[in-house]
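Student: Since the structure of chain A is already known, use the hints to place chain B on it.
Read top to bottom, the protein sequences are chains A and B.
Heads up: the first sequence begins at 1 in my numbering, then just goes up one per residue.
Heads up: the second sequence begins at 1 in my numbering, then just goes up one per residue.
Think of the hints as simulated: they come from the structure by calculation, not from any bench.
Keep in mind it's a predicted model, so treat the numbers as computed, not measured.
Yeah, the Cβ is synthetic: ideal placement off N, Cα and C, and Gly gets one too.
All the given hints hold, so there is nothing to weed out.
Once the Cα atoms are required to be at most 20 angstroms apart in a straight line, the calculated EDC-like pairs of lysine to aspartate or glutamate come out as:
1) 299/B x 167/B
2) 299/B x 93/A
3) 307/B x 27/A
4) 108/B x 39/B
5) 307/B x 7/A
6) 128/A x 328/B
Beyond 12 angstroms from chain A on every Cβ pair, some chain B residues (computed):
7) 65
8) 103
9) 149
10) 217
11) 220
12) 269
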Amino acid sequence: MTPTVPEILMGNFLSMIEPPPPEAMGEFLQGRVAVIGMLSMLCAQEAESGIAARVWENGAIRDLLTRYAPTYGPTFATAAAGQDTDFTLTALDAANAALRRALITLHIAAEQARDAALDDEIRQLFVKMAQARRLDLPALPAG
Amino acid sequence: MTLSDRLEAYLTRLWGEPARVIDLSRIPGGASRETYRFDVEVGGGRKALILRRDPAGSLIDTDRRLEFLAFRSFHGTGLPVPEAVALEEEGAELERPFFIMGRIDGGKAASPFSTPPYGEHAARIGQQFFSHLGTIAAADPASLPIAQVAQAPALDACWKRELDYWEGVIEADELHPQPIVRAAIRRLRASPPPPARRISVVHGDYRTGNFLHDGEGRIIALLDWEMAHLGDPLEDLGWAIAPLWSYGETDRVSGMLPRAEAIAIWERVSGQTLDAAAFAWWELFASVKGQAIWTSAAKEFRDGGLKDPVLAISGWYTARREDLILADKLAALESLA
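So that you can see chain A by itself, here it is in the shape it has in the complex (with noise of 0.2 angstroms):
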């Protein structure tokens, strides 16, 4: 997914080592470390769940692309071949490019096929994986 916590992380360093020029001072700087301690705060959430979210989102496509290729063809189950072994965020997320691309596939092919069935379960899907991804702010007082 992205941008990458390290990229988030990286780019929080990178936008406070430089100097402002003199019109980016006061209400722009303040606002801007506003959001860089958001970022800081929404990335704590991220390292706390996101390999879990990842590895559950890859797990239940790849079970989704088993069930579904002997009426779709072999190439779902080719693409939900393997497991995680890397439970790094990179890893994670490269095989997750591969999955979802896969998903996207097959969520076409059933409704082409007006396979409501499994376009229902696929709209399940999103749902559960939107919300494993969820990122949450506290609510914040009004300006």
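Tutor: Okay, now just chain B, sitting in the frame of chain A:
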């Protein structure tokens, strides 16, 4: 030379007399353009102005002439829209394209990330917010300056032009496959809306956070016209009441009014009756457009050397919120026949 020096040189040349820039200060937000407030002394008087300059990298790629002419279209018409003062598409002394507009002081913009910000004034602000949107929808675009550069689509082509554009943005900028928004795009294409009932000016980003209010219940400036175009006015209404801008509330839209009341105000002022099927299409489209913008932000964040935290939060946190909204909307759709 500092930016202030260069701006001073430009204004002195523009007005043909010495201009002195005072208190140039960048304002937070405005991810699509760098935004600065400043005063200028010229001819014995003092003007309060805003500079909007193209950034090196941007949340969205927009035409500053369109934005400039959108301000010019609605300033002085009864809507609280600042005056457009000067446009330089080649950048002139400031090196990047920019325009200058009048500044309206004494207002504040609500962050979409804060708690519902309008307090006891929510309903009053909501009435103005949706009334002003109805006024924009009712205006005849052919009579306005924006018609000089904005092309009017055919009534039955509004939806396709917008969907093609924003799908193209996703195609160009996507860095990780997004099955949820892709499914939404296919649903939209499979069930296009009926033709627009009229062509209107579409603000393009009409939402909470993009106007100033005085803290006592009065909207004093409608801002951020950078995505203005001509099209189906339902596009703006769908964007304005999108869940992303509702502070997690389900009983009020934009943290202001119950949905039915907001729509009723818009209908009364715009003179249009809402077509439920058409509006359902534009509501789903709003989340597709949103996800395209957040996708673009993620790419710009990376391409720009990771230095803009606003692009990071848009391309990451906001994108994930939009996925939640899109997934819920897709799950609520009828099954395939």
